[in-house]
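Numbering (this note's numbering), first residue to last: 1 to 65.
Derived from the structure by calculation, the hints contain no laboratory data. Here a beta-carbon is modelled for each residue, glycine too, at the ideal position from N, C-alpha and C. Check before you lean on any hint, since a few could be wrong.
To be verified - In silico DSSO-like pairs for lysine-lysine, Cα to Cα no more than 27 Å straight-line:
id, residue 1, residue 2
1, LYS30, LYS18
2, LYS13, LYS59
3, LYS59, LYS18
4, LYS59, LYS30
5, LYS30, LYS13
6, LYS38, LYS18
7, LYS13, LYS38
To be verified - Cβ pair distances, simulated, as ranges:
id, residue 1, residue 2, range
8, THR54, PRO12, 16 to 22 Å
9, GLY61, GLN40, 30 to 36 Å
10, PHE41, LYS13, 16 to 22 Å
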Amino acid sequence: MSIDYTSKDIRPKTFYVKMERARNGEFTVKRARVLEQKNQFATTIRRVDARDLTRAIRKNGLQVA
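Please model the entire structure based on the sequences and the hints provided.
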């Protein structure tokens with residue numbers, strides 16, 4: 001089960017990402033998880049593919065809020 005990062009109509013997602021910074025300034029994603037909200041009372045945290053998340057960030061650009 002993966003997340004469709006390309007759809008503009010999906011609900012906002014909260015990601016927990018463990019990144020490592022190399023000495024040359026590059027970042028590597030070590031672990032990625034997403035908080036999924038089932039309803040107002042139930043949430044779960046599950047793993048997502050770090051490569052897919054990295055690919056989506058590179059493709060769409062990173063926006064920091």
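Going down the list of hints, with the structure as the test:
1. Distance restraint check for LYS30 and LYS18: the Cα-Cα separation of roughly 5 Å lies within the 27 Å cut-off, and the hinted pair is therefore satisfied.
2. Between LYS13 and LYS59 the CA atoms are separated by roughly 17 Å; this keeps the pair inside 27 Å, and the hint holds.
3. A hinted pair counts as satisfied when its Cα atoms are at most 27 Å apart, and LYS59 with LYS18 qualifies at roughly 20 Å.
4. Only pairs whose Cα atoms come within 27 Å are accepted, and LYS59 paired with LYS30 is accepted, the gap being roughly 19 Å.
5. Between LYS30 and LYS13, the direct Cα distance comes to roughly 19 Å. Compliance with the 27 Å bound is thereby established for this hinted pair.
6. Restraint check for LYS38 and LYS18: the C-alpha separation of about 24 Å stays at or below 27 Å, so the hint holds.
7. Simply put, LYS13 and LYS38 have alpha-carbon atoms about 12 Å apart, close enough for the 27 Å limit, and the pair holds.
8. For the pair THR54 and PRO12, the beta carbons lie near 19 Å from each other, so the given range of 16 to 22 Å is met.
9. Remark: the range hint 30 to 36 Å for GLY61 to GLN40 is upheld by a beta-carbon distance near 31 Å.
10. A hinted range of 16 to 22 Å holds for the C-beta pair PHE41 and LYS13, which are about 18 Å apart.
In summary, the structure agrees with every hint in the numbered list given earlier.
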